[in-house]
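A.B. asks: Sequence:
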Amino acid sequence: MTETAFLETKSGRKLAYHRIEGVGPCIVFLGGLKSDMMGTKAVFLEDWARRNGRAFLRFDYSGHGESSGDFTDGCIGDWAEDTAEVVAALTEGPILPVGSSMGGWQALLLARSQPERLAGLVTIAAAPDFTEDGYWAGFTPAQRARIEAGQTVELPSDYMEPYKVTPRMITDGRNQLVLRSPLHLPFPTRFLQGTADTAVSVATATRLLEHATGPDMRLLLVKDADHRFSDGPCLDLIVQAIHEVLASNV
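Mapped onto numbering that gives the first Met the number 0, the consecutive letters of the sequence shown carry residue numbers 0 to 249.
There may be inaccurate statements among the hints.
Said to hold, decoys possible - Within a straight-line C-alpha distance of at most 27 Å, the following computed DSSO-like cross-link-like pairs (lysine-lysine) qualify: (1) Lys9 - Lys33; (2) Lys222 - Lys9; (3) Lys13 - Lys163; (4) Lys33 - Lys163; (5) Lys13 - Lys33.
Worth flagging that the hints you see were computed from the coordinates, not collected in a lab.
As the structure is a prediction and not an experimental result, all values here were calculated from the model.
From just these sequences and the hints, can you work out the full model?
C.D. replies: Listed below in structure tokens is the structure:
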């Protein structure tokens with residue numbers, strides 16, 4: 000395993016990352032909310048990339064893993080800035096983002112802002128616009144009142160400790176929405192989604208597929224796969240999706 004290195008951003012955030020050199024396009028793994036670059040999918044893909052001589056990058060957003068900052072101070076826009084700076088500083092030429100859950104939203108934001116950099120895109124249980132369509136839409140009147148009063152709301156999670164949703168997470172999220180305006184993905188795109196996912200619904204995956212436009216876009220539904228999408232067969236499907244995208248760039 001590579002040693003952890005750090006990148007200091009323009010805003011003074013210190014972002015932890017692991018990078019291996021190899022043939023491009025560089026595969027950039029974008030983790031989920033409150034996840035880190037030591038997760039099963041990130042480490043598995045780095046091992047696969049090393050064995051196959053592929054360039055690969057994984058990192059922690061600010062407030063996540065080994066990077067600086069507190070999670071509750073961050074928001075979707077901050078992590079989009081982190082992603083853009085990491086890509087600019089640590090990669091050259093075409094990239095292939097692989098975004099998991101919230102990382103899928105980050106990958107879509109990157110695709111919208113820098114489509115010329117992307118050789119393709121793979122998402123795993125992508126969660127675009129979840130601060131609005133998941134959090135805010137599901138809040139009770141009392142929870143909405145707390146946010147509007149500048150207070151934090153705690154939500155249970157099936158996968159970790161409760162999420163603390165801050166007012167900034169909600170208000171900033173509204174500036175990052177990708178399902179309310181045109182979203183063109185002019186490169187091979189593969190969306191992966193488990194039917195037993197209790198964090199991101201199949202309906203979200205199909206909504207993304209129907210909303211986005213592009214010449215080569217596919218959604219793969221995996222029966223009984225959960226949000227982690229990290230067992231052996233699911234990991235193999237991620238690699239298969241990467242192979243499909245890379246093959247179209249030959």
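A.B. asks: For a quick check of understanding: which of the numbered hints are violated here, in increasing order?
C.D. replies: 2
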